[in-house]
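Visitor: If you want the building blocks of each chain, they are given just below.
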Amino acid sequence: MSALRDGPVGEAPSGESPNEPLVATVGLTKHYVRGGQMIPVLVDINLRVPEGDYVALMGPSGSGKSTLLNLIAGIDKPSAGQIRVAGVDIARLSEGDLAAWRAANVGFIFQFYNLIPVLTAFQNIELPLQLTSLSRSERRERVATALELVGLADRATHRPNELSGGQQQRVAIARALITDPTLVVADEPTGDLDRTTGGEILGLLERLNRELGKTIVMVTHDPKAAERARRMVHLEKGVLVD
Amino acid sequence: MFIPLLVLRNAFRHKLRTALTIVGIVVAIVAFGLLRTIVDAWYAGANSSSSVRLVTRSAVSLVFSMPLTYGQKIRQVEGVTGVAWANWFGGIYISERNFFPQFAVSAPGYLDIYPEFVLTPEERKAFLADRSGAIAGRKLADKFGWKIGDQIPLRGTIYPGTWTFNLRGIFDGAEPSTDTSGMYFHFEYLNEAIRRQYPRRADQAGVFIEQLRDPDAAAAVSQAIDTTFRNSLSETLTETEKAFQLGFVAMSEAILAAIQAVSFVVIVIIMAVMANTMAMTARERYAEYATFKALGFGGGFVAALIFAESLGIALLGGLIGVALTFPLANAFASSVGAILTGFRVTEETLALQIGAALMVGVVAAALPAWRASRIRIVEGLRAIG
Numbered sequence: 001m002s003a004l005r006d007g008p009v010g011e012a013p014s015g016e017s018p019n020e021p022l023v024a025t026v027g028l029t030k031h032y033v034r035g036g037q038m039i040p041v042l043v044d045i046n047l048r049v050p051e052g053d054y055v056a057l058m059g060p061s062g063s064g065k066s067t068l069l070n071l072i073a074g075i076d077k078p079s080a081g082q083i084r085v086a087g088v089d090i091a092r093l094s095e096g097d098l099a100a101w102r103a104a105n106v107g108f109i110f111q112f113y114n115l116i117p118v119l120t121a122f123q124n125i126e127l128p129l130q131l132t133s134l135s136r137s138e139r140r141e142r143v144a145t146a147l148e149l150v151g152l153a154d155r156a157t158h159r160p161n162e163l164s165g166g167q168q169q170r171v172a173i174a175r176a177l178i179t180d181p182t183l184v185v186a187d188e189p190t191g192d193l194d195r196t197t198g199g200e201i202l203g204l205l206e207r208l209n210r211e212l213g214k215t216i217v218m219v220t221h222d223p224k225a226a227e228r229a230r231r232m233v234h235l236e237k238g239v240l241v242d
Numbered sequence: 001m002f003i004p005l006l007v008l009r010n011a012f013r014h015k016l017r018t019a020l021t022i023v024g025i026v027v028a029i030v031a032f033g034l035l036r037t038i039v040d041a042w043y044a045g046a047n048s049s050s051s052v053r054l055v056t057r058s059a060v061s062l063v064f065s066m067p068l069t070y071g072q073k074i075r076q077v078e079g080v081t082g083v084a085w086a087n088w089f090g091g092i093y094i095s096e097r098n099f100f101p102q103f104a105v106s107a108p109g110y111l112d113i114y115p116e117f118v119l120t121p122e123e124r125k126a127f128l129a130d131r132s133g134a135i136a137g138r139k140l141a142d143k144f145g146w147k148i149g150d151q152i153p154l155r156g157t158i159y160p161g162t163w164t165f166n167l168r169g170i171f172d173g174a175e176p177s178t179d180t181s182g183m184y185f186h187f188e189y190l191n192e193a194i195r196r197q198y199p200r201r202a203d204q205a206g207v208f209i210e211q212l213r214d215p216d217a218a219a220a221v222s223q224a225i226d227t228t229f230r231n232s233l234s235e236t237l238t239e240t241e242k243a244f245q246l247g248f249v250a251m252s253e254a255i256l257a258a259i260q261a262v263s264f265v266v267i268v269i270i271m272a273v274m275a276n277t278m279a280m281t282a283r284e285r286y287a288e289y290a291t292f293k294a295l296g297f298g299g300g301f302v303a304a305l306i307f308a309e310s311l312g313i314a315l316l317g318g319l320i321g322v323a324l325t326f327p328l329a330n331a332f333a334s335s336v337g338a339i340l341t342g343f344r345v346t347e348e349t350l351a352l353q354i355g356a357a358l359m360v361g362v363v364a365a366a367l368p369a370w371r372a373s374r375i376r377i378v379e380g381l382r383a384i385g
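Chains as they are written, first to last, in my numbering: chain A, 1 to 242; chain B, 1 to 385.
If you are wondering where the hints come from, they were derived from the structure by calculation, not from laboratory data.
For clarity, every value in this text was computed on a predicted model and none was experimentally measured.
Every residue gets a Cβ at the ideal spot worked out from N, C-alpha and C, and that includes glycine.
The reader is advised that the hints may include incorrect statements.
As the list claims (entries may be wrong) - Straight-line distance between alpha carbons at most 20 angstroms, and here's what the computed SDA-like set of lysine to any residue pairs gives:
1) A/Lys77 - B/Ser373
2) A/Lys77 - B/Arg376
3) A/Lys77 - A/Gly87
4) B/Lys15 - A/Arg159
5) B/Lys15 - A/Pro160
6) B/Lys139 - B/Ala331
7) B/Lys147 - B/Ile92
8) B/Lys15 - A/Pro117
9) B/Lys143 - B/Val336
10) B/Lys139 - B/Lys73
11) A/Lys77 - B/Ala287
12) B/Lys15 - A/Glu162
13) A/Lys77 - B/Ala383
14) B/Lys15 - A/Thr120
15) B/Lys15 - A/Leu119
16) A/Lys77 - A/Val33
17) A/Lys77 - B/Asp40
18) A/Lys77 - B/Glu239
19) A/Lys77 - B/Arg382
20) B/Lys73 - B/Ala287
21) B/Lys15 - A/Asn161
Unchecked claim - From the structure, some residues in chain B lie toward chain A, with a derived Cβ separation under 8 angstroms:
22) Arg9
23) Tyr286
24) Leu295
Produce the complete structure using the sequences and hints provided.
Guide: Next comes the structure, spelled out in structure tokens:
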């Protein structure tokens with residue numbers, strides 16, 4: 001069982017510093033407007049995630065944990081505040097720059113895997129590399145390594161519907177890692193899996209963090225899954241709590 | 001290779017849906033092509049008419065004939081280099097279903113004015129030497145299996161009795177658009193018989209055809225000819241051959257307009273069907289498009305995927321449709337016989353068919369592609385396909 005270290009929840013980063021964390025949100029706020037009424041989702045979130053950390057975002061449904069993850073991953077825009085990832089305030093990036101930033105810096109793992117059904121496991125993993133300048137042989141080499149890493153070297157030519165849920169999530173993890181991203185975000189990565197398979201996936205994420213030093217931010221409402229992270233962060237009604 | 005592979009696999013993800021869409025496009029493109037060809041065939045006579053020929057007919061109506069002596073006077077009009085005359089015969093070959101046009105013509109003048117009717121010198125000589133001789137176009141001869149030397153019996157409707165002609169020549173068209181579905185025989189052969197049986201109807205011509213020295217003088221020559229016969233018992237109306245042919249087309253202008261409208265409606269219908277299919281397809285894949293965008297692919301890439309898929313399906317349907325248009329047009333032409341003599345699928349029609357297919361593809365993809373390119377990643381990821 002991995003060690004759990006509850007981090008400095010709600011602690012604001014103290015401006016620019018030589019040891020700036022990989023992810024730092026400052027006064028991060030998100031609200032939606034429905035029927036002329038403003039509905040707050042996240043309120044003044046100040047979160048620091050050092051490089052190499054593995055954070056589990058926890059909280060009840062509607063607490064804003066997925067929204068926070070989406071903002072950190074650059075697939076949603078905040079209403080106010082800063083999101084600094086590796087020194088870049090991604091809230092200020094244009095759509096085009098943000099897409100390029102995501103391609104280079106973020107690996108995504110989704111609850112329902114989100115693989116492209118018409119592509120094989122190999123092609124799904126290769127997908128993010130299509131946006132790089134790597135040659136075909138370099139891409140093939142990388143994909144083969146990633147497939148080995150997730151234990152699916154013999155399933156390269158299989159399409160998603162020919163794989164089990166656990167195997168599909170392994171392909172998704174390989175896809176998330178293929179560009180060697182700065183940050184890996186996982187939204188309920190075991191939410192669609194049975195306990196045994198979920199445990200295997202969590203073990204794989206743990207290995208990525210410990211052996212490859214990947215910084216992971218994972219959303220989960222499963223305390224057993226959260227226990228596998230280095231530390232937990234709790235959200236309630238859009239506010240970070242101890 | 002990645003994008004073409006993705007587009008190809010996406011296009012055939014729902015094989016039945018794609019196959020039915022392609023069938024719909026094929027039917028629409030074939031229908032569009034056939035309807036366009038029907039309209040073209042209607043105008044074929046006018047389009048293949050010569051700019052150096054005028055046609056003179058009775059000013060009252062085409063059914064009234066003119067004295068044969070007009071030919072001599074027309075020949076004296078400045079700018080006219082040749083005159084021929086013709087009568088519509090309207091005979092029945094075996095059965096009324098075997099309709100084809102037959103004309104009694106003033107040979108050899110008529111053949112000189114119509115150089116696009118290509119006969120061998122031997123056939124021409126044989127035709128001119130035989131007063132009961134006739135020539136037939138290649139299309140007509142092929143249809144009935146006629147050979148040179150055959151006797152062609154026609155039952156007269158305007159000129160009663162059974163008329164037998166000796167086939168002395170089979171002419172080809174100098175151009176693909178030349179009408180080779182008609183039969184021509186000697187005016188004198190007809191006129192002599194009429195003179196014996198109905199003397200008052202003899203020495204009358206249905207139309208005079210003039211050859212011009214200068215096509216730019218057509219208006220002046222037409223006016224000069226009509227002026228010559230003004231205040232006579234049979235006033236004339238002279239016009240270019242094209243205008244003469246268009247006069248027939250004008251009689252069925254409303255039908256032609258309807259056919260043209262239907263041909264475009266067919267395309268609009270398949271456009272709506274295909275747009276619905278593409279919208280449904282795109283909606284099912286919103287989560288995938290959102291995934292692409294999350295991974296760093298732009299909205300333009302997503303739009304390009306949809307456009308490429310739509311264009312690929314539409315183009316495939318279009319090409320199959322074009323390929324099927326030829327045999328179907330031939331079958332249609334055979335079934336309608338000589339009613340539409342110039343029934344030929346033109347290059348313009350083929351280009352319009354391909355253009356229509358591409359337009360269907362582009363229009364069908366436009367809205368889904370626009371929506372998918374603008375989809376918010378967070379909302380797209382929540383979408384259920």
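Visitor: With reference to the structure, classify each hint as holding or not holding.
Guide: Quick rundown of the hints versus the structure:
no.	hint	in the structure
1	A/Lys77 - B/Ser373	17 angstroms, holds
2	A/Lys77 - B/Arg376	10 angstroms, holds
3	A/Lys77 - A/Gly87	17 angstroms, holds
4	B/Lys15 - A/Arg159	17 angstroms, holds
5	B/Lys15 - A/Pro160	18 angstroms, holds
6	B/Lys139 - B/Ala331	14 angstroms, holds
7	B/Lys147 - B/Ile92	19 angstroms, holds
8	B/Lys15 - A/Pro117	15 angstroms, holds
9	B/Lys143 - B/Val336	12 angstroms, holds
10	B/Lys139 - B/Lys73	36 angstroms, violated
11	A/Lys77 - B/Ala287	19 angstroms, holds
12	B/Lys15 - A/Glu162	19 angstroms, holds
13	A/Lys77 - B/Ala383	19 angstroms, holds
14	B/Lys15 - A/Thr120	18 angstroms, holds
15	B/Lys15 - A/Leu119	16 angstroms, holds
16	A/Lys77 - A/Val33	14 angstroms, holds
17	A/Lys77 - B/Asp40	59 angstroms, violated
18	A/Lys77 - B/Glu239	75 angstroms, violated
19	A/Lys77 - B/Arg382	17 angstroms, holds
20	B/Lys73 - B/Ala287	84 angstroms, violated
21	B/Lys15 - A/Asn161	17 angstroms, holds
22	Arg9	4 angstroms, holds
23	Tyr286	11 angstroms, violated
24	Leu295	5 angstroms, holds
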